[in-house]
Amino acid sequence: MDTKFKINDEIIVDSRSSSGHCRTPAYIRGKKGVIERICGRYPNPEEIALCKKDPKIVTLYRCRFKQMDVWDNYSGKASDTIELEIYEHWLNDA
Amino acid sequence: MDKNNLKMGPHDVGGEESLPIDTTDNDMTHWEKYANALRIVVSSKRIITLDELRYHTEALGAKYFEIGYFERNCLSLHNICIQKGIYDKELFQKIKSRKVSEFDVPIIDLPDVASINHIHDGKPHSHNVSDFQEDESGDGPPDYYFDTLAIAQIFIDQGLITNDDINLKIEQFDNVFPNRGKAVVAKAWYNNLFKEALIKDAKKAISDIGIELETFADIICMPQTDTVHHIVVCTLCSCYPRTLLGMPPSWYKSRSYRSRVVHEPREVLAEFGTIVPENKEIKVHDSNADMRYLILPPRPSNTEGLSEVELSKLVARDYLVGVRLPN
Numbered sequence: 001m002d003t004k005f006k007i008n009d010e011i012i013v014d015s016r017s018s019s020g021h022c023r024t025p026a027y028i029r030g031k032k033g034v035i036e037r038i039c040g041r042y043p044n045p046e047e048i049a050l051c052k053k054d055p056k057i058v059t060l061y062r063c064r065f066k067q068m069d070v071w072d073n074y075s076g077k078a079s080d081t082i083e084l085e086i087y088e089h090w091l092n093d094a
Numbered sequence: 001m002d003k004n005n006l007k008m009g010p011h012d013v014g015g016e017e018s019l020p021i022d023t024t025d026n027d028m029t030h031w032e033k034y035a036n037a038l039r040i041v042v043s044s045k046r047i048i049t050l051d052e053l054r055y056h057t058e059a060l061g062a063k064y065f066e067i068g069y070f071e072r073n074c075l076s077l078h079n080i081c082i083q084k085g086i087y088d089k090e091l092f093q094k095i096k097s098r099k100v101s102e103f104d105v106p107i108i109d110l111p112d113v114a115s116i117n118h119i120h121d122g123k124p125h126s127h128n129v130s131d132f133q134e135d136e137s138g139d140g141p142p143d144y145y146f147d148t149l150a151i152a153q154i155f156i157d158q159g160l161i162t163n164d165d166i167n168l169k170i171e172q173f174d175n176v177f178p179n180r181g182k183a184v185v186a187k188a189w190y191n192n193l194f195k196e197a198l199i200k201d202a203k204k205a206i207s208d209i210g211i212e213l214e215t216f217a218d219i220i221c222m223p224q225t226d227t228v229h230h231i232v233v234c235t236l237c238s239c240y241p242r243t244l245l246g247m248p249p250s251w252y253k254s255r256s257y258r259s260r261v262v263h264e265p266r267e268v269l270a271e272f273g274t275i276v277p278e279n280k281e282i283k284v285h286d287s288n289a290d291m292r293y294l295i296l297p298p299r300p301s302n303t304e305g306l307s308e309v310e311l312s313k314l315v316a317r318d319y320l321v322g323v324r325l326p327n
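Protein sequences appear in the order of chains A and B. Residue numbers for the first sequence follow the working numbering, so the first one is 1 and each next one is one higher. Residue numbers for the second sequence follow the working numbering, so the first one is 1 and each next one is one higher.
Read the hints as simulated data drawn from the structure, not as lab findings. Note that the Cβ used here is the ideal one computed from N, Cα and C, for glycine as well. One or more of the hints may lead you astray.
[What the hints assert, rightly or not] Pulled a few chain B residues facing chain A out of the computed Cβ check, cut under 8 Å:
id, residue
1, L6
2, P10
3, R54
4, T235
5, S238
6, E264
7, P265
8, H285
Full structure from sequences and hints, please.
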């Protein structure tokens, strides 16, 4: 599968705002992480929610973030991580 | 950047400060099971998609946290049907009124206990008032149950679904789905080759032992290890591998759990009685899109020689979400 990002690539989640249905939580926007795995290609949920015919098929990635990079005052250990699934159109090169 | 500007709506709770978690799992009432089954039937038949339902649930605004989880689902389903012209308000009210009237159960005159004196085993015998009370709760169904019944009836009348579809789904959620995850984990404890296959490609490994999960989503299996503790949440709604584990527990759907796990996992785990050592990494999985997660707990100690069936009785649902560990 030809994808824009490869495993271990560094990425930054786009920090734009959104309207309508979207699967990119606010807390992860603008955060830097790495590609953990490529999940496959899925219809864009932002379009399915609006009943669009033939929604665009987009690549979904699992991204890993250091908790210290996500929360300003993270009280846990430096090694703690969080992983989320982010669609390609929400990812930028780091 | 101010995060509040990016917040998509009331549902986008990851990172919020919130209250302690009520870690008890309250059993579902019949109307909750019915509402859940209807939603699953409607979305699995692609009459209305899950993302449409989510979109309309999120659009409820302030009402989102004022009403309960299943009432939210019911209201968003209704709003979509009106918007799409599947039915109009007039038809809905007509069917709903019928459902309400069908439910009116006449009040039964309870017997006068003082007048009952009969013989049991040759001895005179009397009764207390409590012997004749009808049920233990006394609470009738909430109004949204009749909404749900009316929506289902309209779908049935239009030939889109059947009563059997709903009943089958209720039965599967009660008796089939919750046992699948337990069987899978017991097999992984019992058989190392299966465990490896499960970690490599969970959906395929589960399908290879004859369990069809009837879901588009992929399953990712994460094994708990001596160095990493895994825990799962869905901060945006309540994504959960339902056809593998059954319904998510009530705390999984709660605002507190969804808000807090992502930014204070150690504190949340401690509320479940799980103390994670300082030197262990905690990895939180926000199940926010198309993947679903199964956490594989370590096999409990002193279980050598147990059969797969015996092992499956030691598997608790909470292990499979990562909030608790076996001994």
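Here is what the structure says about each hint:
Annotation: interface hint on L6(B) holds; nearest CB of chain A at approximately 4 Å, less than 8 Å. The interface hint given for P10(B) is broken, as the beta carbon of that residue sits about 12 Å from the closest beta carbon of chain A, more than 8 Å. Annotation: interface hint on R54(B) holds; nearest CB of chain A at approximately 6 Å, less than 8 Å. A least Cβ separation of about 5 Å between T235(B) and chain A falls short of the 8 Å threshold, and the interface hint therefore holds.
Taking 8 Å as the C-beta contact cut-off toward chain A, the hint placing S238(B) at the interface is violated, the least distance being around 13 Å. Hint status for E264(B) relative to chain A: holds, with the closest Cβ pair at about 7 Å, below 8 Å. Evaluation of the P265(B) hint against chain A yields a held restraint, the C-beta minimum of about 7 Å falling below 8 Å. Here the hint on H285(B) is kept, as its CB sits about 5 Å from the closest CB of chain A, short of 8 Å.
Violation of the numbered hints given earlier is confined to hints 2 and 5; the remaining hints are satisfied by the structure.
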